[in-house]
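Number of protein chains: 2
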Amino acid sequence: MNPKRCAACRYLRRRCPKDCVFSPYFPPNNPEKFACVHRIYGAGNVSKMLQQLPVQTRAEAVESLCFEATCRIEDPVYGCVGMISLLQTQIQKTKNLLARTQAEITVAQIKHSQNQHSEFM
Amino acid sequence: MNPKRCAACRYLRRRCPKDCVFSPYFPPNNPEKFACVHRIYGAGNVSKMLQQLPVQTRAEAVESLCFEATCRIEDPVYGCVGMISLLQTQIQKTKNLLARTQAEITVAQIKHSQNQHSEFM
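Quick note, the sequences are listed as chains A and B, same order.
The working numbering puts the first sequence at residues 10 to 130.
The working numbering puts the second sequence at residues 10 to 130.
Isolated chain A (complex conformation):
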């Protein structure tokens, strides 16, 4: 047993090669992280996706894959698309509130100018 094997190689019960594609992103002290992406995408697909990316973008790709996988495990029907819908609803509500507030300002300004006009009559 090599205590320095990454979480992926431990999970897959294999030797962790020096140029392991998983090793920089799946430290042995966080086995859940690999288990999540493996469960949703499969180790082979994750490895393939990482190998197709420039090394400097792989850490961010792993984080976003982990995030999506966690969302899919928590919500097997909608995954993080459910979160996108919620955010879109929230934006729409905030935009509606903004439009109403801006309309209130306009009405207040009209009333104010009407009052000023009547004062001078």
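Hints may be right or wrong, so weigh each one.
Identical chains share a label here; the pair holds if one copy fits it or two copies do between them.
[What the hints assert, rightly or not] Quick list of in silico lysine to aspartate or glutamate cross-link-like pairs, DMTMM-like style, CA-CA up to 20 Å:
1. Lys104 with Glu69
2. Lys120 with Glu72
3. Lys102 with Glu69
4. Lys102 with Asp28
5. Lys57 with Glu113
6. Lys57 with Glu69
7. Lys27 with Glu113
8. Lys102 with Glu41
9. Lys120 with Asp84
10. Lys57 with Asp84
11. Lys104 with Glu41
12. Lys57 with Glu83
13. Lys104 with Asp84
14. Lys13 with Asp84
15. Lys104 with Asp28
16. Lys102 with Asp84
17. Lys104 with Glu83
18. Lys42 with Glu69
19. Lys27 with Asp84
20. Lys13 with Glu69
21. Lys120 with Asp28
22. Lys13 with Asp28
23. Lys102 with Glu72
Don't read these hints as lab results, they were simulated from the structure.
Use these hints to put chain B onto chain A, whose structure you have.
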């Protein structure tokens, strides 16, 4: 060749069984839809995820998986997590604008009441 084979069974070059788990959601006239989810998740994982869900939720699950897969193909580093970040930024901007507008209203109301107060002095 069975012309009624679903897009998944065509892609996997296999017979489409009567109880095919893919068939209701991957019609033969849309081969791209299956190709996308297969490329990101693999047919086996998609089949496993669908089989773990009640039948009435599977159509929505397929749509969200296709959406996530398409996002991942278009943006291999961030996938649809990139979209979530954009939406969160948009919400923050709209909230800031709303807060500014509400502050403007408060200032205008204070000025208005000060004016009215001075008129009666």
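Hints, one by one, checked against the model:
1. Lys104 with Glu69: Answer is neither: 31 Å inside a copy and 27 Å across each miss the 20 Å cutoff.
2. Lys120 with Glu72: neither (54 Å within a copy, 51 Å between copies)
3. Lys102 with Glu69: Neither: 31 Å inside a copy, 24 Å across copies.
4. Lys102 with Asp28: neither (49 Å within a copy, 43 Å between copies)
5. Lys57 with Glu113: So Lys57 and Glu113 fail the 20 Å test inside a copy (55 Å) and across (53 Å) alike.
6. Lys57 with Glu69: within (15 Å within a copy, 27 Å between copies)
7. Lys27 with Glu113: neither (65 Å within a copy, 61 Å between copies)
8. Lys102 with Glu41: neither (36 Å within a copy, 35 Å between copies)
9. Lys120 with Asp84: neither (51 Å within a copy, 51 Å between copies)
10. Lys57 with Asp84: Close across copies (15 Å), not inside one copy (25 Å); limit 20 Å.
11. Lys104 with Glu41: neither (39 Å within a copy, 36 Å between copies)
12. Lys57 with Glu83: between (25 Å within a copy, 16 Å between copies)
13. Lys104 with Asp84: Intra 28 Å, inter 28 Å, cutoff 20 Å: neither.
14. Lys13 with Asp84: For Lys13 and Asp84, the Cα distance exceeds 20 Å both inside one copy (33 Å) and across copies (32 Å).
15. Lys104 with Asp28: neither (49 Å within a copy, 46 Å between copies)
16. Lys102 with Asp84: neither (24 Å within a copy, 28 Å between copies)
17. Lys104 with Glu83: Classified as neither; 29 Å inside a copy, 28 Å across copies.
18. Lys42 with Glu69: within (14 Å within a copy, 26 Å between copies)
19. Lys27 with Asp84: The answer is neither: 36 Å in one copy and 29 Å across copies each exceed 20 Å.
20. Lys13 with Glu69: For Lys13 and Glu69, the Cα distance exceeds 20 Å both inside one copy (23 Å) and across copies (42 Å).
21. Lys120 with Asp28: Result: close neither inside a copy nor across copies, 72 Å intra and 69 Å inter.
22. Lys13 with Asp28: Cα proximity of Lys13 and Asp28: one copy only (13 Å, versus 46 Å across).
23. Lys102 with Glu72: Cα proximity of Lys102 and Glu72: none, with 30 Å in one copy and 25 Å across.
This entry does not satisfy hints 1, 2, 3, 4, 5, 7, 8, 9, 11, 13, 14, 15, 16, 17, 19, 20, 21, 23, going by the numbered hints stated previously.
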